[in-house]
Amino acid sequence: MSDVAFWQGNTALAHGALLAGCNFFGGYPITPSTEIAEVMAEELPKIGGKFIQMEDEIGGIAAIIGASIAGAKTLTATSGPGFSLKQENLGLAYIAEIPIVVVDVMRGGPSTGLPTKTAQQDVMQARWGTHGDHATICYSPSSVQECYDLAVKAFNMAERFRQPVLILSDEVVGHMREKVAKRSPDKVNIVNRARPSAPPERFTPYEANPVTGVPAMASFGDGYTWHVTGLTTNDWGFPTNNPPEIEKKMLRLMSKVERARNEIVEYEAEYMDGAGIVVTAYGSVGRSALRAVRDARKKGIAAGFFRPITLWPFPGEELARLALGAKTVLVPELNCGQMVLEVERVMGRRSEVRGMNLLNGELFKPSEIGRVIEEVA
Amino acid sequence: MPGTEVLSWLRTRFMPHIWCPGCGHGVIMHALVRALVNLGKDRAQTVVASGIGCSSRMAGYINACTVHSTHGRSLAFATGIKLHKPELTVVDVMGDGDCSAIGGNHFIHACRRNIDITAIIMNNNIYGMTGGQASPTTPVGAWASTTPYGAVDPSFDLCKLAEGAGASYVARTTIANPKQAENCIMNAIRKKGFSVVEVVTHCHTQFGRKNNRRQPIDNYNFFKEATVPLAKANEMKPEELVGKLVCGEFVNKDVPEYTEQYGKVIEAARRGC
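Those sequence lines, one after another, are chains G and X. All letters in the first sequence, in the order written, are residues 351 to 727 by the numbering used here. All letters in the second sequence, in the order written, are residues 959 to 1231 by the numbering used here.
Treat the hints as calculated values from the structure; they're not laboratory data. Small disclaimer: the values here were computed from a predicted structure and weren't measured. Think of the CB as a built atom: it goes at the ideal place given N, C-alpha and C, for glycine as much as any other residue. Hints are not guaranteed to be accurate.
[Claimed, not checked] Computed beta-carbon distance windows for the label pairs:
1. G:I397 - X:P1112: 47 to 55 Å
2. G:S605 - X:G1201: 30 to 38 Å
3. X:K1202 - G:G711: 56 to 64 Å
4. X:V1213 - G:P550: 48 to 56 Å
5. X:R1167 - G:G698: 58 to 66 Å
6. X:L1199 - G:I397: 49 to 57 Å
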């Protein structure tokens, strides 16, 4: 078997999930993410895993939450309208602390929008889509290799923190084909959820590890009886209206991720030394932006490139540190301006923050970004 | 008093329960737990899933592997659990609105797939927890807080719905006949395939109060008078059955079960064909 593949992003993402130990997929067909389901339908039964095409998007995420409760490593993949439909059950996985990985291959919206065209309009939905406070971990791949590698990371983070992890791909990244270096399973770091060490009669389902803030998770069928609910619970996993218990649960849901922020946050930075203009872009736009920055450097313009790999938590401190002294931070996005709000927040008044917005279903050309770099230089 | 074995299946530390005094849900929970005890089930190998509503709080009171999920979606959660671990006994407890309104799609597809899950529908003809709004099983003409002039939309026959969608076991009983409920639930759990037991119950607080069945006993008496055994119903004319509750086993058939069929998919994939 060759250790190099020529895959499209969606195929690579599915194979990355399998490498991470994914053994259950539930989903519903939707463009432009369907290839992920198709690969999983073919590959999972070969390893004794399970694939199920559910009756709708809501059922897709419900089934993977159920399977995860029973001990599986689970994935669902969707796009725009399907991501909206999954939001309620996503919230259940946050509050009940069930590890799952959810992929949204972004297309243009709102509503049915542009099923076959690219966009980055779901950045804020990924952060705030389900109601109520929750800590979001969300990756944004910008290459086919990254689709493969970030799938593994997403599973590891879901298992480590016992919560949903999102991968916000987009139509361009999902459908373009590139070379992928496949990893050998024995050389990949795989994280599995912490299992309880207490015997079943002394098991407290939501008693957190004091260091990590994450409770050990039993699986249905492995000898423990416990209760999973979307209601706010105490450590026994039973509904509570007791203010201190409610606050304890909510603060822990946020802090278990916040305390590990520096281990989660990832970014790519190029040409940042002395950069007077920093282009901050993610996903497919990151490719155009990097090319534009390189072209600008060739013309002697001190341009820099910063690409958040985790959209959430946003690598804001890192951007602020690296872009110190930049006159302008340029944020090209395939939306009306979503991530630019985070950039404005972290840069404050230190730099001019300028958004660039493309809403026509196409990808920025490097020259379009380059023109603005030259304009502000 | 429930037997000690039955009590061992209850999370008494989480009680008192939320149900109104006289609510029929307790009768159904007792029937379910007795069925599980009779069948010699292991609590750690038994899953009880539920959605949202008064009925769905039952999962929390049963000392097994329990999931209180989102409104209408419990069968989709249960499907994931069962498909990943087919060796588990999976029961799904639902209300009428949970099952046939917001969860209607999951219900018909669980029937179609014939996955080995037992669905128990507690049909009290109303949304009780939210204050008595009409559900898809509220009879035409009945009063609810959202039908202040009487319901005009026809109601579902949940058993016919399940039968039409392909369930391998379908039965109806009422809380006025707890022994029949227990037996139907036992048969349903034993059945390899998707099983549906509709247990007709009451919400005297929200439905009875507006529809001349104010006290629990009014509802018991109504169920006793309205019940027609299936064998007898087969000899009656349709007009004689209006307003009656036909009880018994409507479907009990052996058809391929989903997780076993998926096992064949795994075999085929591993053979490379």
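The hints, checked one at a time:
1. G:I397 - X:P1112: 47 to 55 Å: Between G:I397 and X:P1112, where Cβ atoms are some 48 Å apart, the hint holds.
2. G:S605 - X:G1201: 30 to 38 Å: Since the Cβ atoms of G:S605 and X:G1201 sit about 58 Å apart, the hinted range of 30 to 38 Å is violated.
3. X:K1202 - G:G711: 56 to 64 Å: holds (59 Å)
4. X:V1213 - G:P550: 48 to 56 Å: Violated: the Cβ-Cβ distance is about 36 Å, outside 48 to 56 Å.
5. X:R1167 - G:G698: 58 to 66 Å: At roughly 60 Å between Cβ atoms, G:G698 and X:R1167 fall inside 58 to 66 Å, so the hint holds.
6. X:L1199 - G:I397: 49 to 57 Å: For X:L1199 and G:I397 the Cβ distance comes to about 53 Å; the hint holds.
In the structure shown, a violation is registered for the earlier hints numbered 2 and 4, in ascending order.
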